[in-house]
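K.L.:
For the record, the sequence lines run as chains A and B. Numbering follows this note's numbering, with no gaps: position 63 of the first sequence is 63. Numbering follows this note's numbering, with no gaps: position 186 of the second sequence is 263.
Just so you know, the hints here were simulated from the structure itself, not pulled from any lab data. Hints are not guaranteed to be accurate.
[As the list claims (entries may be wrong)] Simulated crosslink set (SDA-like; lysine to any residue; CA at most 20 Å straight-line):
| # | chain 1 | residue 1 | chain 2 | residue 2 |
| --- | --- | --- | --- | --- |
| 1 | B | 110 | A | 17 |
| 2 | B | 298 | A | 53 |
| 3 | A | 64 | B | 110 |
| 4 | B | 112 | A | 53 |
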Amino acid sequence: MKITEEQLRGFLQTAASSIDHKNIALTANLSDSGLDSLDIYDLIVMTQEHCGIEIPDADLSNLKTLGSILDYCNKSA
Amino acid sequence: MGYLNFIACHVPSKTLDNLENAKRFGEDEAFVKQKLGALKLPRLEAGEDTSDLAAAAINALPWGASGCPEKTEVDALVVVTQNGDGQGLPHTSAIVQHKAQLSNNVIAFDMSLGCSGYVYGLTVAKSLLNIPTVRNVLLVTCDPYSKIIDESDRVTALLFGDAATASLISREPLNDVALKVGDGLHGTNGAGAEHLMRKPDGLLFMNGRQVFNFASTVVPKQISALLGSYGIESSDIDEYILHQGSYAIIDAISRRFPEVQSRFSKKMEATGNTVSSTIPLMLAESIKDTAKKRILVSGFGVGLSWASLILERS
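Bound conformation, chain A alone:
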């Protein structure tokens, strides 16, 4: 299943509730935007389940922004 930017931002809000997800640009590095490693694990789990895919560890290192996650998941789903 494809994922929209709005859905991904919803997952982001769940994973990192203290962060204002609206102010994170699609091109912004998530770690630099205040997400810690556990927030990112959480975001990826929710995204994987939504899309019905498993993101290998090797690919995760390339998914540092919301935009790259959207592109990757929508090509894989």
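Mind docking chain B on chain A? Use the hints.
P.N.:
Below, chain B without anything else, positioned relative to chain A:
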């Protein structure tokens, strides 16, 4: 039929300040408090070994008082550990039997499981009670990961603490707080073995992302299946005591049950992730609260292995 009657714990007095520890890795106080949950990490004292912690927990039980049988009436001893004394031969349960002065006629063996070990152990204890001569089983958890922690590894150095617990499971309820041990669900997936293992250098390795992935997806499904097997709703459980891997993992699992999320307990500030001991450390308090009629326990970790069961007030 098996009843969990008594639980005792032993937490070493020597502790590591995890807030200070976290500074080495550039992690702030909020991350430690809200995501990890461990403010103190208890550590074995110099000269202490796994069996010493285990014996201390056993000795903390009220032997011969409050309905608790005498030590001589213990028929079986199960020690859950993957970090036993010395090199693992002989089995640690034999050393514990001697140090705790249990009978020479006791059935004693180690169970090699990690964070799922307590729940598996309850199932094994209940099974042992089917042996005609077995009336009381002592289930001990003691897995001091400080023996294998790489203190330079940020993934594991901020999480694990040392502790031991001893639970007495018997054929009959022996006091007013006894909990009946239910039929659990158990799972194993060795395809994930590499995600949590001891490396050839003897130190612990954890792929945090894969373990998080596993716990936050597989465990909720097993909990739902267990509730379904009982024909009950999530609201019929008074407390959910999950293995305290980290607060982030508990949050990720409990979020799947929004209607009862507040019933998922979190408590690891003073102990950290003590592997198979996290659940009985919490149960030691909850067993006294008789308002809690049903408690669901769920452990998950190395293997990968996971297990859940329901304890009901007798």
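K.L.:
Of the numbered hints stated earlier in the document, which are not met by this structure?
P.N.:
Violated hints: 3, 4; rest satisfied.
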